[in-house]
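In order, the protein sequences belong to chains A and B.
Counted the way numbering that gives the first Met the number 0 counts, the first sequence spans residues 0 to 229.
Counted the way numbering that gives the first Met the number 0 counts, the second sequence spans residues 0 to 229.
Any given hint could turn out to be false.
If chains are identical, the list can't say which one is meant, so a pair holds when it fits in one copy or spans any two.
What the hints assert, rightly or not - Result set (DSS-like, lysine-lysine): computed pairs, CA atoms no more than 27 Å apart in a straight line: (1) Lys127 <-> Lys152; (2) Lys157 <-> Lys89; (3) Lys127 <-> Lys157; (4) Lys229 <-> Lys157; (5) Lys229 <-> Lys152; (6) Lys127 <-> Lys140; (7) Lys152 <-> Lys138; (8) Lys31 <-> Lys127; (9) Lys76 <-> Lys31; (10) Lys182 <-> Lys157; (11) Lys15 <-> Lys127; (12) Lys182 <-> Lys152; (13) Lys76 <-> Lys15; (14) Lys229 <-> Lys90; (15) Lys31 <-> Lys140.
Bear in mind the hints are in silico, worked out from the structure with no lab data behind them.
Computed from a prediction, not measured in an experiment: that's the story for all the values here.
There are 2 protein chains.
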Amino acid sequence: MAGRKVLIIYAHQEPKSLNGSLKNVAVEELGKQGCSVTVSDLYAMQFEPRATRNDIVGCLHNSEEFNYGVEAREAYKRGDLSDDLIEEQKKVQEADLLIFQFPLYWFSMPAIMKGWMDRVLVEGFAHKFPDCYSSGLLKNKLALFSFTTGGSKEMYTKGGISGDIRYILWPMQHGIMHYCGVKVLAPHICFAPEYVSEENRKEMLLVWAQRLKTLWKEEPINCSPEWYFK
Amino acid sequence: MAGRKVLIIYAHQEPKSLNGSLKNVAVEELGKQGCSVTVSDLYAMQFEPRATRNDIVGCLHNSEEFNYGVEAREAYKRGDLSDDLIEEQKKVQEADLLIFQFPLYWFSMPAIMKGWMDRVLVEGFAHKFPDCYSSGLLKNKLALFSFTTGGSKEMYTKGGISGDIRYILWPMQHGIMHYCGVKVLAPHICFAPEYVSEENRKEMLLVWAQRLKTLWKEEPINCSPEWYFK
Ligand SMILES: Cc1cc2nc3c(=O)[nH]c(=O)nc-3n(C[C@H](O)[C@H](O)[C@H](O)COP(=O)(O)OP(=O)(O)OC[C@H]3O[C@@H](n4cnc5c(N)ncnc54)[C@H](O)[C@@H]3O)c2cc1C
Ligand SMILES: Cc1cc2nc3c(=O)[nH]c(=O)nc-3n(C[C@H](O)[C@H](O)[C@H](O)COP(=O)(O)OP(=O)(O)OC[C@H]3O[C@@H](n4cnc5c(N)ncnc54)[C@H](O)[C@@H]3O)c2cc1C
Ligand SMILES: [Zn+2]
Ligand SMILES: [Zn+2]
Numbered sequence: 000m001a002g003r004k005v006l007i008i009y010a011h012q013e014p015k016s017l018n019g020s021l022k023n024v025a026v027e028e029l030g031k032q033g034c035s036v037t038v039s040d041l042y043a044m045q046f047e048p049r050a051t052r053n054d055i056v057g058c059l060h061n062s063e064e065f066n067y068g069v070e071a072r073e074a075y076k077r078g079d080l081s082d083d084l085i086e087e088q089k090k091v092q093e094a095d096l097l098i099f100q101f102p103l104y105w106f107s108m109p110a111i112m113k114g115w116m117d118r119v120l121v122e123g124f125a126h127k128f129p130d131c132y133s134s135g136l137l138k139n140k141l142a143l144f145s146f147t148t149g150g151s152k153e154m155y156t157k158g159g160i161s162g163d164i165r166y167i168l169w170p171m172q173h174g175i176m177h178y179c180g181v182k183v184l185a186p187h188i189c190f191a192p193e194y195v196s197e198e199n200r201k202e203m204l205l206v207w208a209q210r211l212k213t214l215w216k217e218e219p220i221n222c223s224p225e226w227y228f229k
Numbered sequence: 000m001a002g003r004k005v006l007i008i009y010a011h012q013e014p015k016s017l018n019g020s021l022k023n024v025a026v027e028e029l030g031k032q033g034c035s036v037t038v039s040d041l042y043a044m045q046f047e048p049r050a051t052r053n054d055i056v057g058c059l060h061n062s063e064e065f066n067y068g069v070e071a072r073e074a075y076k077r078g079d080l081s082d083d084l085i086e087e088q089k090k091v092q093e094a095d096l097l098i099f100q101f102p103l104y105w106f107s108m109p110a111i112m113k114g115w116m117d118r119v120l121v122e123g124f125a126h127k128f129p130d131c132y133s134s135g136l137l138k139n140k141l142a143l144f145s146f147t148t149g150g151s152k153e154m155y156t157k158g159g160i161s162g163d164i165r166y167i168l169w170p171m172q173h174g175i176m177h178y179c180g181v182k183v184l185a186p187h188i189c190f191a192p193e194y195v196s197e198e199n200r201k202e203m204l205l206v207w208a209q210r211l212k213t214l215w216k217e218e219p220i221n222c223s224p225e226w227y228f229k
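Using the sequences and the accompanying hints, generate a full structural model.
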């Protein structure tokens, strides 16, 4: 929708990959709608995934014993987080919608994207107990997990060898986004792009573009255990 | 048990943390039993979590389009993975038991440990479709996830706000370890150590030491959907 701001957090090493193409489709389609789109291209940025003392500028709150969560929270209050984190937080703050675009790595996101979650969603910025879940600090924002797999759709069913794909979404959608108050749109999944025809892949990109056209009319999922495990 | 080899993959920034103490208890207790114990102290090693072209020494299999999974598999065959990966794979190969010791970050492991999974468990080394799950290449090994939380035990129950703690274990235990053929021992969880008394924490360390004394007699869990979602 014209005027809406979208942040795409994108984790693929190769621009020519299907993930790269899916990201491009989103940039193009949302751009056409008049949205302003920002991309955090994590590998290109060489984004740091490790949560360390380097994230805190200047002195520590407790230099006797390093507690990452406490130090990040205190540094956020003081405006003393490292520049890369301040930058990402600004992008998140401005965004109406976060799209996470990645290949599934070990039933989850690649480590570089997990590091984005670990480091950017600092206490005080994204949540502040008991301001979590429905009162998380990023409420009024939307998130959408868009990913590709190696496994087939059949493998990721309730009776399949890898279980329902929704089981995998629980930590990411509920544990991270919902915890921060973000409402979650239905995930977008391209199964096994490496093992289908060129034609099928083109179709996958079309389906994504198609969905994006009416994305702003979608209702968030009901992000509770029933959605995942019913 | 005397003679058994244990690899502890440990992810905490602070040696004085409860995770640090839990790791030390395991080193000590297993050492007393005559096990040989190796620790991969990921932050101290500044372990690289990002899956990139740097993991492949020399020329690429396909330099037109970088596919990490394919390149890592081919490099493994040729003996051309980067030294840090070869080193970790040697430790895994020799181990009878892998213990993962970490604080829960966003319903999962910290990014630095996720990177260990992404980069070390290469196709051809840890799995090779259809050699996965019960015929994964690391069969005859055991794994144990030992972690601490911020949330309380009550939050992590079926009716609790964060859902059953077992939901979180599905990607890690089933999606990673079981996929590679590794049998999984019951997880070891210390809930909310920051919010209990010093005395309670000492008790937590004792309980862990106690469990380790009879660990080799334990049966693996039945790592199927029933265990997680029943
Ligand atoms: C460490 C690791 C862990 C993994 N764990 C899991 C797991 O737990 N579960 C699981 O299911 N899978 C897993 N996988 C597999 C992984 O999810 C897939 O390899 C990945 O999702 C494929 O997406 P891609 O973008 O990399 O594909 P690509 O290989 O880039 O895409 C496939 C093809 O699409 C082509 N393409 C790109 N753009 C277009 C276009 N515009 N039109 C037509 N074709 C195009 C590309 O040229 C390519 O040939 C894992 C892989 C790794 C490396
Ligand atoms: C990015 C991020 C994401 C997070 N996500 C989640 C989440 O999704 N879910 C969740 O539940 N939690 C989450 N947390 C909280 C996190 O899991 C806890 O902070 C962590 O598990 C606590 O473990 P620790 O070892 O760091 O504790 P510490 O703070 O090191 O331990 C508590 C106390 O134990 C003391 N201690 C150490 N050794 C001993 C000893 N031998 N005897 C007695 N006392 C000792 C220490 O001195 C310290 O005071 C998150 C935290 C961060 C930073
Ligand atoms: Zn939810
Ligand atoms: Zn399993």
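Hint check, failures only: Going through the list in order, the structure violates hints 2, 8, 9 and 14 and respects the others.
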